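Once you've looked at the hints, dock chain B against the given chain A.
Each protein sequence line maps, in turn, to chains A and B. If you read the first sequence in the numbering used here, its first letter stands for residue 1, the second for the next number, and so on. If you read the second sequence in the numbering used here, its first letter stands for residue 1, the second for the next number, and so on.
Since the hints were derived computationally from the structure, they do not count as laboratory data. These numbers come from a predicted model, not from an experiment. Beta carbons are placed, not taken as given, at the ideal position from N, Cα and C, and that holds for glycine. A hint or two may mislead.
Stated by the list, open to error - In silico BS3-like pairs for lysine-lysine, Cα to Cα no more than 27 angstroms straight-line:
1) Lys39/A to Lys35/B
2) Lys13/A to Lys63/B
3) Lys67/B to Lys13/A
Said to hold, decoys possible - Between beta-carbon pairs, the in silico distance windows are:
4) Arg28/A to Leu85/B: 50 to 56 angstroms
5) Asp297/B to Gln38/A: 44 to 50 angstroms
6) Ser121/A to Asp297/B: 54 to 60 angstroms
What the hints assert, rightly or not - Partial selection, computed: residues in chain B whose CB lies under 10 angstroms from chain A:
7) Ile36
8) Ile40
9) Arg43
10) Phe115
11) Ile287
12) Thr290
13) Arg293
14) Phe296
15) Trp304
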Amino acid sequence: MSRYFTDLYYGAKSLMLGMAVTFKAFCRPTVTVHYPRQKIDITPNIRGRLFLVKDEDTGTHCCISCGRCARECPTGCIHLKAVKKEEGKGKDLVQYEYDYTRCSLCGSCVDVCPKNAIDFSNAYELVSFDKTDFHFNLLEEVEK
Amino acid sequence: MHELIPIIARALVYAIVMIAFGFVNALVMGYLERKIAAKIQRRPGPMEVGPYGILQLVVDGIKIIGKQLIIPKEADGPLFRFAPLLSFAPVVLPFIVIPFSKELQAKDFSLGLLFIVTIASINVLTIVIAGWSSNNKYSLFGAMRSVAQNISFEVPVLLSILCIALMTGTYSMQGIVQAQDTVWFILIQPFAFIIYFIAGLAETNRNPFDLPEAESELTAGYHTEYSGFGFSLFMIAEYANMFLVCSIATVLFLGGWHGFKLPFFEYTGAFWFLTKVYVLMLVMVWIRWTFPRVRFDQLLNFSWKYLIPFSLVNLALTAVGIKVFESVRGMI
Numbered sequence: 001m002s003r004y005f006t007d008l009y010y011g012a013k014s015l016m017l018g019m020a021v022t023f024k025a026f027c028r029p030t031v032t033v034h035y036p037r038q039k040i041d042i043t044p045n046i047r048g049r050l051f052l053v054k055d056e057d058t059g060t061h062c063c064i065s066c067g068r069c070a071r072e073c074p075t076g077c078i079h080l081k082a083v084k085k086e087e088g089k090g091k092d093l094v095q096y097e098y099d100y101t102r103c104s105l106c107g108s109c110v111d112v113c114p115k116n117a118i119d120f121s122n123a124y125e126l127v128s129f130d131k132t133d134f135h136f137n138l139l140e141e142v143e144k
Numbered sequence: 001m002h003e004l005i006p007i008i009a010r011a012l013v014y015a016i017v018m019i020a021f022g023f024v025n026a027l028v029m030g031y032l033e034r035k036i037a038a039k040i041q042r043r044p045g046p047m048e049v050g051p052y053g054i055l056q057l058v059v060d061g062i063k064i065i066g067k068q069l070i071i072p073k074e075a076d077g078p079l080f081r082f083a084p085l086l087s088f089a090p091v092v093l094p095f096i097v098i099p100f101s102k103e104l105q106a107k108d109f110s111l112g113l114l115f116i117v118t119i120a121s122i123n124v125l126t127i128v129i130a131g132w133s134s135n136n137k138y139s140l141f142g143a144m145r146s147v148a149q150n151i152s153f154e155v156p157v158l159l160s161i162l163c164i165a166l167m168t169g170t171y172s173m174q175g176i177v178q179a180q181d182t183v184w185f186i187l188i189q190p191f192a193f194i195i196y197f198i199a200g201l202a203e204t205n206r207n208p209f210d211l212p213e214a215e216s217e218l219t220a221g222y223h224t225e226y227s228g229f230g231f232s233l234f235m236i237a238e239y240a241n242m243f244l245v246c247s248i249a250t251v252l253f254l255g256g257w258h259g260f261k262l263p264f265f266e267y268t269g270a271f272w273f274l275t276k277v278y279v280l281m282l283v284m285v286w287i288r289w290t291f292p293r294v295r296f297d298q299l300l301n302f303s304w305k306y307l308i309p310f311s312l313v314n315l316a317l318t319a320v321g322i323k324v325f326e327s328v329r330g331m332i
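One chain only, chain A, in its complex shape (with noise of 0.2 angstroms):
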C-alpha cells in the first residue's frame, strides 16, 4: 500500500519536472538558421568540388601537366590534356576537366600534386537540373 503512495509521488514530482524541463526550452530562443536567407561559416578544412589553385605571382595555375592526379584517381573522373612547350622542356595545360559526379572527394589527386596546384575548394551548394551542370572545366576557371 505504501508503495501505492511513493509511487503516486515520485511519479507526480518526474511529471513535473519534465514539465519545467519543456517550459525552459520553450523559453529560450531558436537555434535554427534559417538557410537560404542566414548561413553559417563553414569550416575551412570542408572537402568541396576541385579547384585548381591560383599562383598569385604568375597570376595563373601552377599545374605541370605530369598528369599523376589523373592516373591517381580510383575513378577516373579527371581528364587532362597537355601540349608540348613550343620552346623548353615541359607541357602546357590546354584542358582539365573534372566529372564531379563520379568524384568521390577522396583527396588522392589533391595528395600526390607534386606542385599542390589542386585543392578541395569551400563549395558545397551544387544542385542543379541538368548532369552536365557537374562537369567542370578547372582550367577555364582558373584562366577567368
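For chain B alone, kept in the frame of chain A given last:
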C-alpha cells in the same frame, strides 16, 4: 407558427456559427500546436507560407480537401463515410449549452451539464463505427482500445463533475458560472479539477493517452484506413473536443466568463471565457510535447487504480463537507 421562426432561425445561425467555429478552432490550434512544439524543440516551426507561417494550415487544409477519400474494397461503404461526419455531431451539439458570456448562449437547459455528458458519449459510437466499417483488424483493435479508454475515463470525469453539481445544486451551466461569483471552484475543489483535467486529456485522445496516434507501435487506431478529408474531419473533431473539454473545465472550475468588468459585460465576458479556455488548451499542448505515451495497461491502471478511487474519495469528502457546512451555518 410565428413563434417557431425565431427559434428555428436561432438554431440555424447557431449551427452554422458553431461548425465554422469548430473549423477555425482547428486551424488556430493546429498552427499554435506546431509553433509550440517547435519552440519546445528549439526550432521556429512553420515559417514559409505567409508571415511566420500563419497561412500554413490554410494551405494544408486546401491540400487535404484535394485528396481522394480512399475506401477499402471490402469496407462497409456507407458506414465508412458516415463515421467522420458522426464524429462531428457530439462535439458541435454540446456547444448549445456552453455559456460564452451571460447572454451569449444558445440555450440554457436546467440539465445542461448532463446533456453535454450524454452527447459526448456518442463519440464512443463513432469510434466503433469507424473501426468496424474499415474492415481491418488493426482498425478494429484500435477502436476497441479507444472505446475501453473512453469508457474507463468517463467515470472519473463524471465523478469530478458530480462534486461541482453537489456544491451548486444545479446542472445548469449558467447557474454553475453564477455560483462562482465570489470564488472559483478550482480553489475549493483542486483535486476534482486535476482529476477532471487528466481524464479530459484521455477523453480527447490527447497525449500522453493518444494511443490511436501510435502509428509505428499499434498501427494507429480506428482511423487507420481514413485518408484525405475523412481523416481530417476526425482531427478537426479532436480539436473541437479539446475545446469542449476545456470549456467545461472553465465553466466548472475557473469561473466561466467571470473576470474584470469590461464594457457591455453581458457579451464581452466571452473574452475572459475564451482566454481561460485557450490557456487550458495550450497547457494540453504543452503536456503533449513533454510526456511520452503510456502503454495500454498503464492507461487503464491509471484510470481504475488512481483516478477513480481518488475521485470517489473526493466526492465523499465533498458530500460530508457540504453537510457539515450547512449544519454549521444552520447553527449560526
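We went through each hint and held it up to the structure:
no. : hint                                     : result
1   : Lys39/A to Lys35/B                       : holds (23 angstroms)
2   : Lys13/A to Lys63/B                       : violated (43 angstroms)
3   : Lys67/B to Lys13/A                       : violated (45 angstroms)
4   : Arg28/A to Leu85/B: 50 to 56 angstroms   : violated (43 angstroms)
5   : Asp297/B to Gln38/A: 44 to 50 angstroms  : holds (48 angstroms)
6   : Ser121/A to Asp297/B: 54 to 60 angstroms : holds (58 angstroms)
7   : Ile36                                    : holds (7 angstroms)
8   : Ile40                                    : holds (5 angstroms)
9   : Arg43                                    : holds (5 angstroms)
10  : Phe115                                   : violated (33 angstroms)
11  : Ile287                                   : holds (7 angstroms)
12  : Thr290                                   : holds (4 angstroms)
13  : Arg293                                   : violated (13 angstroms)
14  : Phe296                                   : violated (18 angstroms)
15  : Trp304                                   : violated (13 angstroms)
Hints 2, 3, 4, 10, 13, 14, 15 from the earlier list are contradicted by this structure; the remaining hints agree with it.
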